[in-house]
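Take the sequences, apply the hints, and build the full model.
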Amino acid sequence: MTTANTLSLWDMTRGQQCLVSGFRDSLDERYILRLMEIGFHPGEKVTCLNTLAFGAPKVYQISNSVFSLDDTVASHIDAVPAPESNSDS
Amino acid sequence: MSKAILIGSPNSGKSLLFNRLTGLHQKVANFPGITVEVSSGKMVNLPEVVLVDYPGSYSLHAISGEENIAVENFEQALVDPELAVVLCLIDATRIEKGLYFATQVVRACQQHNKHVILLASMMDVLRNHNISLDIASIASELNTPVIGISGKSGEGLDALVEKVANIAATYQEEASFPAKSLAKHDDAGLREISHRIAKEFGPKGDILVKSQARLDSFFLHTWFGGAAFFLIMYLLFQSIFTWAAPAMDLVESIIGNLADIVIPIVPTQTLQDFVSDALFGGIGAFLVFVPQIFVLTVVVGILEDSGYMARAAVICHKPLRFFGLTGKSFIPMLSGVACAIPAIYAARSVDSPRARFLTYMAIPLMPCSARLPVYTLLIAAFIPANFALGGLLGLQGLAMFGIYLFGMLTGLLVTAFVSRVSSDTQDELPFVLEMPPYRLPSWQPLLRNAWNRSKHFITKAGAIIFTVTVVIWFLGYFPNFGEDLGASYLGSIGKVIEPVFSPIGLDWRYGVAILSSFLAREVFVGTLGAMFGIEGAADNFVPLAERIQDTGLSLGSGFALLVFFAIALQCVSTLAILSKESGSIKLPVQLFTAYSILAYLLSLLTYHLVEFLV
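Protein chains in written order, with the working numbering: chain A, 354 to 442; chain B, 306 to 919.
Hints are computed from structural coordinates only; laboratory data are not their basis.
Treat the hints with care, since some could be wrong.
Unchecked claim - Computed list of chain B residues with no C-beta within reach of chain A, every gap over 10 Å:
{"#": "1", "residue": "Val514"}
{"#": "2", "residue": "Ile566"}
{"#": "3", "residue": "Gln574"}
{"#": "4", "residue": "Thr575"}
{"#": "5", "residue": "Ala583"}
{"#": "6", "residue": "Ser611"}
{"#": "7", "residue": "Gln701"}
{"#": "8", "residue": "Ala704"}
{"#": "9", "residue": "Ser724"}
{"#": "10", "residue": "Glu788"}
{"#": "11", "residue": "Leu858"}
{"#": "12", "residue": "Ser859"}
Stated by the list, open to error - In silico lysine-lysine, DSBU-like type, Cα no more than 35 Å apart, as pairs:
{"#": "13", "chain 1": "B", "residue 1": "Lys885", "chain 2": "B", "residue 2": "Lys760"}
{"#": "14", "chain 1": "B", "residue 1": "Lys509", "chain 2": "B", "residue 2": "Lys489"}
{"#": "15", "chain 1": "B", "residue 1": "Lys760", "chain 2": "B", "residue 2": "Lys457"}
{"#": "16", "chain 1": "B", "residue 1": "Lys457", "chain 2": "B", "residue 2": "Lys468"}
{"#": "17", "chain 1": "B", "residue 1": "Lys504", "chain 2": "A", "residue 2": "Lys398"}
{"#": "18", "chain 1": "B", "residue 1": "Lys885", "chain 2": "B", "residue 2": "Lys457"}
{"#": "19", "chain 1": "B", "residue 1": "Lys891", "chain 2": "B", "residue 2": "Lys623"}
{"#": "20", "chain 1": "B", "residue 1": "Lys623", "chain 2": "A", "residue 2": "Lys398"}
{"#": "21", "chain 1": "B", "residue 1": "Lys509", "chain 2": "B", "residue 2": "Lys457"}
{"#": "22", "chain 1": "B", "residue 1": "Lys515", "chain 2": "B", "residue 2": "Lys489"}
{"#": "23", "chain 1": "A", "residue 1": "Lys398", "chain 2": "B", "residue 2": "Lys457"}
{"#": "24", "chain 1": "A", "residue 1": "Lys398", "chain 2": "B", "residue 2": "Lys509"}
{"#": "25", "chain 1": "B", "residue 1": "Lys515", "chain 2": "A", "residue 2": "Lys398"}
{"#": "26", "chain 1": "B", "residue 1": "Lys347", "chain 2": "B", "residue 2": "Lys515"}
{"#": "27", "chain 1": "B", "residue 1": "Lys800", "chain 2": "B", "residue 2": "Lys891"}
{"#": "28", "chain 1": "B", "residue 1": "Lys885", "chain 2": "B", "residue 2": "Lys308"}
{"#": "29", "chain 1": "A", "residue 1": "Lys398", "chain 2": "B", "residue 2": "Lys489"}
{"#": "30", "chain 1": "B", "residue 1": "Lys760", "chain 2": "B", "residue 2": "Lys891"}
As the list claims (entries may be wrong) - These stretches of chain A come out as covered by chain B in the derived footprint (C-beta under 8 Å, 3 or more residues):
{"#": "31", "segment": "405 to 413"}
{"#": "32", "segment": "416 to 422"}
Each residue gets a CB set at the ideal place from its N, CA and C atoms; glycine is no exception.
Quick look at the structure:
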């Protein structure tokens, strides 16, 4: 469910920690399944490890794995700031 | 003969384990999607068991071609009475990533009464960081045997072989099947179970991710990362051109010396000409690329094994996406600047079938080294060796840079065009790339892989190249036994097709040289030298360039030839490898036809444009 403080993974800044809150309907069902299969479950903590300039894919830590997602995927994943969220940018 | 199959998520160490257990030499690398086909071999310590290695998959619901191969083969194997056991690998350092897939595999095995063993790989890495994994609890939760192993150190492999041997001896006995603990769960249930198990019993702490993140903060830094990227790519480029050069010279000299020994002992003149021109000339011209393929494979292997390849893909992804490509297309395209053949092999790492298809389209337009002699000759013939800006800017160098840039841009524009007009988006995958941890490369597998790749090039492309070489030689040699190329069948064909080339100001001799260059581009120089009666033109361009100037060939025709060679797909080896890698003759035939037409039309346009302006 989208709330006032919901943001997409693509909106996250370097070092920011969020909890995955869901997926937008605009993302193909099979990709939603795949993202959940590799660890992007609703409620899971995700950390944005790296953001490059010029719209390059961002790098996220989910559990003990690290994945790079581009905007076509990350902008369709909703997240809310984690309770202990911090950002260095 | 019983079977064991090896399955697991990408980059979980399957190929390394497969090599350990079978003594074979599958390519291994620290980059997802390296295994793209099914391989099999007898287990060294259990020769009665055949081990089959599948490409990696994150799920039994496949979304890519490689995953389809794994899933379809796995489903077929489940109903194979010879299947004794399924070995499912999970990367112990990132257990969450592979555990859901593992539970899917366990459930499928339980539903089909097949034995399964979970293998927690990379235990040596955990141990080195004093991190533990609760294997006993995971085994108990899943009611499935779990063995901690390391494909690198060999840890746990004796226990694995013993377990497989026991199962292989009894697998057909119904009573030996484990309880069906997961069989009743749906996918959502499995996700919950795997998530809970990973949280409760997986490695605690993220020390491995933190050490990876420290290096990423440099290699993925906007400025430092960009600078490192260009430096690494420069070194890659140097390796292709400079480091491979001595070995290429050596191969050339060995072939030359061998020819000097063999040719005099061949009985008749015709046979001597055949051995000299078709065998040593034709086959030798392709063997000379083997060192380049070897060096490039080693360097690309280092990038893959170290974990850098995934970072390079991230850096390049955005600009390449504009042209319908993906970040993973960059290394194959860069390799294509040296030679299209290793570049086509390197395109295996592009997991999206659509992006891989577009990468295949772009590679032949990258300015490969075989174009260099042609460009050098034509630029020497048409561009004055003048300097501008106080000697800083040479016109010939500028022309060379321009034609290289033209080829690259054409490649990108072609993929941009095709990606926009083609409505087929079914097999386009989103960019979700696992970032592997940084590791020191292992030299032995790297060198072995480079050797295997070189051998593959020689054996697979060699047969096709040999056939075409013989045909071209036959057409150029008969009916007048090599006396006059102009009077040969090839010469006759050249005169027949002269009307095709005359609109761009080229006579039949250039037509013949272009025809012969469809074998390999660099043949153009030698053939033109033979047509103008200049010996050794391939080694010394100057007399031939002067002769071309003397014939009064126009500047427009010179530029048109440059454009033609920048686009036309004149390389039998490339077509042969393209056919092998794409799994069909259709793609090389389509590309050959399309690029020939495009090359002709653009050279015609160039000719008229230059003639109009000058």
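Here is what the structure says about each hint:
1. Val514: Contrary to the label, Val514 of chain B does not stay out of reach of chain A, its closest Cβ about 6 Å off (not over 10 Å).
2. Ile566: For Ile566 of chain B, whose nearest Cβ neighbour in chain A is about 55 Å away, the distance exceeds 10 Å, so it holds.
3. Gln574: Given a closest Cβ separation of 63 Å, the condition holds.
4. Thr575: Its Cβ never comes within 10 Å of chain A, the nearest being 61 Å, so this holds.
5. Ala583: The claim holds: Ala583 of chain B sits with its nearest Cβ about 50 Å from chain A, beyond 10 Å.
6. Ser611: Ser611 of chain B clear of chain A: closest Cβ-Cβ about 15 Å, beyond 10 Å.
7. Gln701: With a cut-off of 10 Å, Gln701 of chain B remains clear of chain A, as the shortest Cβ separation is near 34 Å.
8. Ala704: 31 Å, holds
9. Ser724: About 14 Å separates Ser724 of chain B from the closest Cβ of chain A, which puts it past 10 Å; holds.
10. Glu788: 62 Å, holds
11. Leu858: The assertion about Leu858 of chain B holds, with a minimum of 45 Å to chain A.
12. Ser859: With a cut-off of 10 Å, Ser859 of chain B remains clear of chain A, as the shortest Cβ separation is near 44 Å.
13. B:Lys885 / B:Lys760: 15 Å, holds
14. B:Lys509 / B:Lys489: 30 Å, holds
15. B:Lys760 / B:Lys457: Holds, at about 26 Å.
16. B:Lys457 / B:Lys468: Since the Cα atoms of Lys457 of chain B and Lys468 of chain B sit roughly 20 Å apart, the hinted pair holds (cutoff 35 Å).
17. B:Lys504 / A:Lys398: 12 Å, holds
18. B:Lys885 / B:Lys457: The hint holds at about 32 Å.
19. B:Lys891 / B:Lys623: Status holds; Cα separation ~30 Å.
20. B:Lys623 / A:Lys398: The given pair, whose Cα atoms are some 26 Å apart, holds under the 35 Å limit.
21. B:Lys509 / B:Lys457: Since the Cα atoms of Lys509 of chain B and Lys457 of chain B sit roughly 23 Å apart, the hinted pair holds (cutoff 35 Å).
22. B:Lys515 / B:Lys489: 38 Å, violated
23. A:Lys398 / B:Lys457: 32 Å, holds
24. A:Lys398 / B:Lys509: 15 Å, holds
25. B:Lys515 / A:Lys398: Holds, because 16 Å separates the two Cα atoms, which is no more than 35 Å.
26. B:Lys347 / B:Lys515: Roughly 40 Å between the alpha carbons, so the hint for Lys347 of chain B and Lys515 of chain B is violated.
27. B:Lys800 / B:Lys891: With a Cα-Cα distance of about 30 Å, the restraint between Lys800 of chain B and Lys891 of chain B holds, given a limit of 35 Å.
28. B:Lys885 / B:Lys308: At roughly 28 Å apart (the allowed maximum being 35 Å), Lys308 of chain B and Lys885 of chain B satisfy the hint.
29. A:Lys398 / B:Lys489: 29 Å, holds
30. B:Lys760 / B:Lys891: At roughly 25 Å apart (the allowed maximum being 35 Å), Lys891 of chain B and Lys760 of chain B satisfy the hint.
31. 405 to 413: Three-residue rule met by the segment 405 to 413 of chain A, so holds; n is 7.
32. 416 to 422: holds (count 7)
Of the numbered hints given earlier, the model fails hints 1, 22, 26; all others are met.
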